[in-house]
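*Asks:* Note that the protein sequences, when read in sequence, are chains A and B. Each residue of the first sequence is one higher than the one before, counting from 1 in the working numbering. Each residue of the second sequence is one higher than the one before, counting from 1 in the working numbering.
Read the hints as simulated data drawn from the structure, not as lab findings. Fair warning: there could be bad hints in the mix.
[What the hints assert, rightly or not] To list a few chain B residues with every Cβ distance to chain A over 10 Å, as calculated:
(1) L160
(2) S187
(3) L192
(4) G258
[Unchecked claim] Think about it this way: if two alpha-carbon atoms lie no more than 35 Å apart in a straight line, the pair counts; the simulated DSBU-like pairs of lysine-lysine are:
(5) B/K325 / A/K169
(6) B/K325 / B/K311
(7) B/K325 / A/K2
(8) A/K103 / A/K43
(9) A/K103 / B/K279
(10) A/K169 / B/K279
Computed from a predicted structure; not experimentally measured. Note that beta-carbon positions come from the ideal geometry of N, C-alpha and C, so glycine has one too.
Residues per chain are reported as follows:
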Amino acid sequence: MKRRVVLVDDHGLFLAGVRAELGDAVDVVGEAQTVAEAVPLIKELDPDVVLLDVHLPDGSGDAIINAVGPDRPGVKFLALSVSDAAEDVIAVIRAGARGYVTKTIDADELAAAIERVAHGDAVFSPRLAGFVLDAFRAGVEVAGDADLDELTPREREVLQLIARGYMYKEIAARLHLSVKTIESHVSSVLRKLQLSTRHELTRWATQHRLV
Amino acid sequence: MPRRFFTASAPGRVLAGVCAGIAQPLGVDVTLVRVVFALLALAGGAGILLYLAIWAWSRSEREWWTILLLLVAGSLLLNAVGVSDRAVAGIVLVAAGLTLAWRKGGGLRPDAPLSYGGIALAGFGAVLLLGQGSAPTRVLAPGAVAGALLLLCGPWLWRLALERDAERAARIRTEERADVAARVHDSVLQTLVLIQRHAGEPRRVASLARRQERELRGWLYADQPLGDDGSSLVAALSAAAADVEELQGVRVEIASSGDATPDSALVLAAREAMTNAAKFAGVEEIDVYAEVSDADIAVFVRDRGIGFDPKAVPDDRQGIRESIKGRLERAGGTATVTSLPGGGTEVELRLPR
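Work the whole structure out from these sequences, hints included.
*Replies:* Put into structure tokens, the structure is as follows:
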């Protein structure tokens with residue numbers, strides 16, 4: 001069954017391009033260009049996945065996730081952006097997005113990412129992996145709980161390989177693990193990040209001159 | 001518009017209802033108000049004029065009449081209590097001048113124009129008052145003049161201060177705009193010209209656009225300085241990546257965790273690795289990851305291309321042996337090349353800190 005997808009982006013040209021590129025791979029059921037448009041639309045359509053721009057004219061992507069999330073827990077969000085600012089990306093991930101990819105991603109990879117997010121898995125681009133490693137490595141309490149403040153050595157290894165440009169399949173082969181195990185490590189990292197408090201991440205961002 | 005606390009009242013009115021109108025909101029007996037007006041009327045008729053002034057005031061369109069009547073009533077009253085003609089004239093002139101200034105909209109609103117006629121009138125009145133000889137006015141006059149000056153000039157000074165603030169804000173805005181314009185001109189406009197000139201070469205256009213994107217992003221997010229200012233390894237790697245992109249027509253994705261001061265051997269070796277990947281791997285995209293830990297700096301350059309057998313590379317191949325391995329080893333680091341035919345290539349560069 002094809003995944004039902006809603007696109008949220010304020011660049012009409014980009015929307016058209018993504019729709020054309022995705023072609024038959026997914027079923028694009030709706031489009032919105034602002035936070036105000038997107039929230040009721042997503043609630044009404046209840047899609048599998050929402051492809052979300054980080055920056056919108058009337059707010060940022062995390063506003064949509066926060067507004068829709070409680071009512072429609074089944075909807076998964078994948079952030080899609082040209083923004084390189086770690087702060088923005090981390091904010092959307094913390095709000096509950098299952099991943100972040102840059103807009104330069106090619107169509108097949110995007111379709112694969114949508115599928116993975118729809119399954120409840122996480123999608124990390126190399127850049128996001130770098131940001132996340134940075135956040136944990138800075139030695140800042142990320143979650144305020146000893147078990148959650150640190151990445152396990154295995155999680156760190158997996159994130160480093162993602163940052164180096166390896167795909168899950170390649171990482172699995174290299175570490176002699178299954179792709180499923182790699183996915184669960186990445187999801188666990190995502191969970192730790194989402195449990196962190198705003199205050200602590202703000203401190204991290206301040207240390208990195210991001211705010 | 002002045003707020004009217006009273007309206008000439010119909011119930012219990014004798015003449016125009018002014019006394020009843022005043023008594024009602026004040027909660028005093030009408031008779032008392034009438035007695036006061038009657039006593040004031042004895043003072044040269046001031047009470048009558050005051051009564052007329054208040055009546056005129058209750059009809060909103062007759063404000064000038066109100067003011068005129070009040071001025072005359074006031075001067076009659078002052079005269080009646082024994083103030084000299086000259087002092088009365090001075091006080092009336094000051095009052096008229098202030099009124100004029102207020103009426104022109106000067107008053108306490110700093111954005112309104114000053115009434116020079118009002119100032120002149122009040123000033124003339126003040127001179128009259130100051131020239132007055134009798135004891136009580138000699139004490140009163142300087143205070144009155146100071147108060148009048150403050151009333152007149154205060155708003156004006158305030159307005160000056162506001163204008164200065166606004167001017168400074170505007171100047172800062174202009175400077176910022178000029179700065180943005182200069183940057184846009186140096187970078188974006190130049191790139192657009194180049195793109196138009198090379199419109200027939202998609203690869204070159206793509207790499208020009210990519211380089212520009214990287215530069216703009218670095219500037220916007222201040223993550224990386226615009227260009228390479230020599231203080232950041234990530235910025236130096238980005239600059240090297242941009243060169244490779246432009247020369248070889250590939251995409252280089254840079255990820256990083258941490259940053260350090262750049263080491264030229266490391267950056268040059270990484271650049272050589274990117275160039276090799278672009279030339280020989282047959283791919284469109286190269287991933288570069290820089291990680292700075294307490295112990296060392298690691299840079300990974302990876303492609304998913306055709307790969308090769310490192311053992312089969314002849315010794316005279318300069319690229320890997322000299323430009324990458326030799327360079328890193330002389331700087332005290334290590335370079336490892338991992339490659340499999342068909343499985344892509346990764347160059348790992350490590351330099352102890």
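*Asks:* So, for every hint listed, does it hold in this structure?
*Replies:* Each hint tested on the structure:
B/L160, annotated as away from the interface, keeps every beta carbon of chain A farther than 10 Å; the closest lies near 38 Å. The claim that B/S187 lies off the interface holds: its Cβ sits roughly 16 Å from the closest Cβ of chain A, which is beyond the 10 Å cut-off. Taking the minimum C-beta to C-beta distance to chain A, about 17 Å, the non-interface status of B/L192 holds against the 10 Å cut. Distance check for B/G258 against chain A: the nearest CB is about 6 Å away, which does not clear 10 Å, and the non-interface claim fails.
Among the hinted pairs, B/K325 with A/K169 is consistent with the structure: their alpha-carbon atoms are about 29 Å apart, no more than 35 Å. With a C-alpha separation of about 14 Å, the suggested pairing of B/K325 with B/K311 holds against the 35 Å cut-off. For the suggested pair B/K325 and A/K2, the alpha carbons sit about 49 Å apart, so the restraint of at most 35 Å is broken. For the given pair, A/K103 sits about 25 Å from A/K43 by alpha-carbon distance, which is consistent with the 35 Å threshold.
Between A/K103 and B/K279 the CA atoms are separated by roughly 25 Å; this keeps the pair inside 35 Å, and the hint holds. A threshold of 35 Å between alpha carbons decides the hint, and for A/K169 with B/K279 the separation of about 26 Å falls inside it, so the pair holds.
Taken one by one, the earlier hints fail for this structure at numbers 4 and 7, listed in ascending order.
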